[in-house]
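Assemble the complex: chain A is given as a structure, and chain B must be docked to it using the hints.
Chains as they are written, first to last, in the UniProt record's numbering: chain A, 1 to 345; chain B, 1 to 200.
These are calculated hints, taken from the structure and not from any lab test. Hints are not guaranteed to be accurate.
[Unchecked claim] Pairs of lysine-lysine residues, derived as DSS-like cross-links and limited to a Cα-Cα distance of at most 27 Å, are as follows:
no.	chain 1	residue 1	chain 2	residue 2
1	A	Lys198	B	Lys74
2	B	Lys91	A	Lys317
3	A	Lys317	B	Lys146
[Claimed, not checked] Simulated restraints, written as ranges between beta carbons of each label pair:
no.	chain 1	residue 1	chain 2	residue 2	range
4	A	Asp31	B	Arg90	15 to 23 Å
5	A	Pro273	B	Ala17	34 to 42 Å
6	B	Pro189	A	Glu104	48 to 56 Å
Just so you know, even glycine gets a beta-carbon here, dropped at the ideal spot from N, CA and C.
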Amino acid sequence: MTLQFNDETFRDDYTYHNSAAAILRFPFPFDRDSYMYSVNMEPHAGGPEGSPFDKRFDVDEHYVSEMRDREITLAEDPLRCQSLPHMELAGWDLLELIMVSKAEDYPELFTLNRDGDRWHWINRPLGIEHRFTFLDPTTLPCGPMEYITRQAQGDFAVLDQREGNLWMDAGMVTSQADWSLDFDIGMNFFEWHAPVPKAHEMGVFQRALKFLLNIRQGSPARRLNWTMTVNPRLDTSPENYHKWGPEKRTVTAENVGRKQFLRVELQTFWRLPRSNALAFPIRCYLISLEDLVTVPKWGRRLHRVLRDLPDELADYKGFAVNRPLIVDYLSQHDDGAPTSPGIFP
Amino acid sequence: MPRIDFSPSIKTRPVYAALQSRGAAPALMLAEAEGAEALIELADADAAVMDRAHVIYIPGGSGHGARLKALAPKMYHESPSFDACLERYRKALGDAQMGTQLYLAGGEGALGRAMSEALAAGMPVEAIQTEHRGSIARRMQCVHCKGVTEGVTTDPFTCAHCGLTLFVRDHFSRRLGAFQGVCVDAETPGVVPAAQEIRP
Numbered sequence: 001m002t003l004q005f006n007d008e009t010f011r012d013d014y015t016y017h018n019s020a021a022a023i024l025r026f027p028f029p030f031d032r033d034s035y036m037y038s039v040n041m042e043p044h045a046g047g048p049e050g051s052p053f054d055k056r057f058d059v060d061e062h063y064v065s066e067m068r069d070r071e072i073t074l075a076e077d078p079l080r081c082q083s084l085p086h087m088e089l090a091g092w093d094l095l096e097l098i099m100v101s102k103a104e105d106y107p108e109l110f111t112l113n114r115d116g117d118r119w120h121w122i123n124r125p126l127g128i129e130h131r132f133t134f135l136d137p138t139t140l141p142c143g144p145m146e147y148i149t150r151q152a153q154g155d156f157a158v159l160d161q162r163e164g165n166l167w168m169d170a171g172m173v174t175s176q177a178d179w180s181l182d183f184d185i186g187m188n189f190f191e192w193h194a195p196v197p198k199a200h201e202m203g204v205f206q207r208a209l210k211f212l213l214n215i216r217q218g219s220p221a222r223r224l225n226w227t228m229t230v231n232p233r234l235d236t237s238p239e240n241y242h243k244w245g246p247e248k249r250t251v252t253a254e255n256v257g258r259k260q261f262l263r264v265e266l267q268t269f270w271r272l273p274r275s276n277a278l279a280f281p282i283r284c285y286l287i288s289l290e291d292l293v294t295v296p297k298w299g300r301r302l303h304r305v306l307r308d309l310p311d312e313l314a315d316y317k318g319f320a321v322n323r324p325l326i327v328d329y330l331s332q333h334d335d336g337a338p339t340s341p342g343i344f345p
Numbered sequence: 001m002p003r004i005d006f007s008p009s010i011k012t013r014p015v016y017a018a019l020q021s022r023g024a025a026p027a028l029m030l031a032e033a034e035g036a037e038a039l040i041e042l043a044d045a046d047a048a049v050m051d052r053a054h055v056i057y058i059p060g061g062s063g064h065g066a067r068l069k070a071l072a073p074k075m076y077h078e079s080p081s082f083d084a085c086l087e088r089y090r091k092a093l094g095d096a097q098m099g100t101q102l103y104l105a106g107g108e109g110a111l112g113r114a115m116s117e118a119l120a121a122g123m124p125v126e127a128i129q130t131e132h133r134g135s136i137a138r139r140m141q142c143v144h145c146k147g148v149t150e151g152v153t154t155d156p157f158t159c160a161h162c163g164l165t166l167f168v169r170d171h172f173s174r175r176l177g178a179f180q181g182v183c184v185d186a187e188t189p190g191v192v193p194a195a196q197e198i199r200p
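So here's chain A without its partners, still in its complex pose:
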């Protein structure tokens, strides 16, 4: 398989697009015709060939452009990447995990040669070749977490584990669904989830935390989360809300299929070997409604899910204002036929 990388943008003229193959491999998050919070964890142990679940860290046609978008965001706001002082070792753990995984899973794209602590890393899509000494920060141009997450799609939270809790003590966050690393850094699991409605009362976070605290090395887990985004924008940060907020009000019946995107997060959870920290990559996938409805099952199902979603969740996810337009559009693609169980087309 040879990947062709798209030349596309996630801001301004928004030239982001999915190829026909990317549409079919989209991680559609709904396995039934309705949605409520749940601790929908499963082992991250591969998946159907070619799906985003197949490899440990999925690399797709958007890789190069996403990394360019991250660079723009970081140049505007370096606080999107922060690491508290005690998280340096976890950063090296993460660098190792990503480099080893990518080199093994995509040998045509990435190569890692290791001779003791002398490492030689080649990233062909981004044109990077670098020799450095593992665990010696003076041999990298920036911290280890920043170095490797500038070369890996998705946001990364690195969680310290202590006192029976997980602490958001480091992260690279440039494609977030409206939360601020700079504000939340240093918070524990319950604190950074504080603004989420309903789920605390449902006990979702207590159960999820218990599960995550017990994740073991070599046995990563995953779950899907989702929201709706107007325009294929990765940087839907609170920091820039006053810049992208007006775009949310530009959706019309005529353009909703093109402008409204389903935003899916593939979240994975990895125990790190030296630091005992938990790596929490949050990989973002975007698909326009008009592309999504080319898979009839997905069009039918998304219509039913969004039509029946409790108002509170639509509010929290930030699309209540556009919900009538979205549901109207999707209703034209729902003939009422039954849908098969599971997320695949």
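Just chain B, lined up with the frame of chain A:
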């Protein structure tokens, strides 16, 4: 001054209990305005708490200095403002030994700021007690420009740094000692709801 019952809210919104004496351990105490009354009640309950205490008092218009001083703490300092005593407070935090207890009392803004400094200095959370007295005005961090506006009493309010109109969230960062302010008219520039007094 009566204590204020804060409405139940999300998990990051701070809650404050009454100060409890942890005996004659070394102590650093910071009282802002009506917070002095909390220290006086603390000492009434257990006079030994003042034996090794360093008290910093920021009157802010209140007049409890003489009564506080009469409690005979080991060190007593009155400061015209938080900014004026900041370096002294930081030095005291830096000099604090294992087991030093931190007692903070006052308005919501002073508590947040004092807590944030203490955590930055490495003070363990278990050694910090906070009691709310007086003002419910908030310290707000603008999520957009990152500037902190002190003494916010209305929702929405104007960021003192970038001028955006921000709504007042209950989401609170102990690290920053501030609540989060987010642009209220981001989606509809210029459409701003009428400002209301913040309620506890």
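Quiz prompt | Restraint status (C-alpha distance of A:Lys198 to B:Lys74 at most 27 Å) | solution = violated, 49 Å
Exercise. Could you grab the alpha-carbon distance between A:Lys317 and B:Lys146 and see if it respects the 27 Å cut-off?
Key: holds, 24 Å
Quiz item: Cβ-Cβ distance between A:Asp31 and B:Arg90: within 15 to 23 Å?
Solution: Hint violated: Cβ distance 54 Å, outside 15 to 23 Å.
Quiz item: Is it true that A:Pro273 and B:Ala17 lie within 34 to 42 Å of each other by Cβ?
Solution: About 41 Å separates the Cβ atoms of A:Pro273 and B:Ala17, which means 34 to 42 Å holds.
Quiz item: Is the straight-line distance between the alpha-carbon of B:Lys91 and that of A:Lys317 27 Å or less?
Solution: violated, 44 Å
Quiz prompt | Range hint 48 to 56 Å (beta carbons of B:Pro189 and A:Glu104) holds or violated | solution = At 50 Å between Cβs, range holds.
Hints 1, 2 and 4 from the list above are not met by this structure, while the remaining hints are.
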